[in-house]
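Given the coordinates of chain D, work out where chain Z should sit on it, guided by the hints.
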Amino acid sequence: DAGVTQSPTHLIKTRGQQVTLRCSPISGHKSVSWYQQVLGQGPQFIFQYYEKEERGRGNFPDRFSARQFPNYSSELNVNALLLGDSALYLCASSRTAENGGELFFGEGSRLTVL
Amino acid sequence: AQSVTQLGSHVSVSEGALVLLRCNYSSSVPPYLFWYVQYPNQGLQLLLKYTSAATLVKGINGFEAEFKKSETSFHLTKPSAHMSDAAEYFCAVTKTSYDKVIFGPGTSLSVIP
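In order, the protein sequence lines correspond to chains D and Z. Read in order, the letters of the first sequence correspond to residues 1 to 114 in our numbering. Read in order, the letters of the second sequence correspond to residues 115 to 227 in our numbering.
In short, the hints are calculated from the structure, not lab data. A hint or two may mislead.
Claimed, not checked - Simulated pairs of lysine-lysine, DSS-like, Cα-Cα distance not exceeding 25 Å: (1) D:LYS52 with Z:LYS209; (2) D:LYS52 with Z:LYS182; (3) Z:LYS214 with Z:LYS163; (4) D:LYS30 with Z:LYS182; (5) Z:LYS183 with D:LYS30.
Everything numeric in this text was worked out from a predicted model, so none of it was measured.
Excised from the complex, chain Z in its bound form:
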């Protein structure tokens, strides 16, 4: 079965510092991979998705993620954190475009002024 692990339930960075949120997946075949963001009291919003077209995926709000098959990883990065980036971030996976989307446990990002 598909699963996703996110290392670090909570990450704190200073404003302007690099953001790195980690995600590893378990899959026998390259899956579809996603990062979603959830702001307080809101639903989830898609940040970016990997569908095998390119290993480096650019998303909204300056975020990007790199698919590394050898490491079964899909880590999310942003060069410079803004206060508005404080939110919960979820890595997600689906085996095919028809399958259910499986979410990881989430990483809460705090940005310190």
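Just chain D, with the same shape it has in the complex:
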């Protein structure tokens, strides 16, 4: 079975632009979480979605938004990009919202903001 897939794998944007990152969870997984990993740091929680509903939100500004579709795939949108948004964005899926912390990660989308 395919793992968590994310697209694009790499992208470069300039300050002020907008970006959309996409994630397809493992088949049968209904929960998707998004994390931001700045170089040299641990992943920081951004959002969790389950059954198309937002279940949790981290300490990120309103420029960050996400949604989950009926097929459980998800998009993360970031508006008005700042240099500090440069990071690896990781998507993780789990079978239910009660995941017990057992997350399955994709390889990430590496965003560079110039």
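Just chain Z now, with coordinates in the frame of chain D:
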């Protein structure tokens, strides 16, 4: 709020030597605890998890971790390091099975031939 600290941002060991990566958590109640590994240019992979069933937890690739409530610690060990163990290791915590997972800053493990 839940938090995790990892002592030592970088650890080097010789091939065949003991691996010890340290993790301490802050929590008023026993949490769920995890170790994840990240190989270069890859996502994170679960090594092992503690969910109060047993204090000594065995994971994949020969790793294990011991939960010590009195020390609020969950250190990761492996008796004999292999070159393939070189990676970034993250300790993580969640308060309940429904909560978000909080990751520590990570420890980079180098294995010297």
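Checked hints:
no.	hint	verdict
1	D:LYS52 with Z:LYS209	23 Å, holds
2	D:LYS52 with Z:LYS182	38 Å, violated
3	Z:LYS214 with Z:LYS163	15 Å, holds
4	D:LYS30 with Z:LYS182	33 Å, violated
5	Z:LYS183 with D:LYS30	33 Å, violated
Checked against the numbered hints given earlier, this structure breaks hints 2, 4 and 5; the rest are met.
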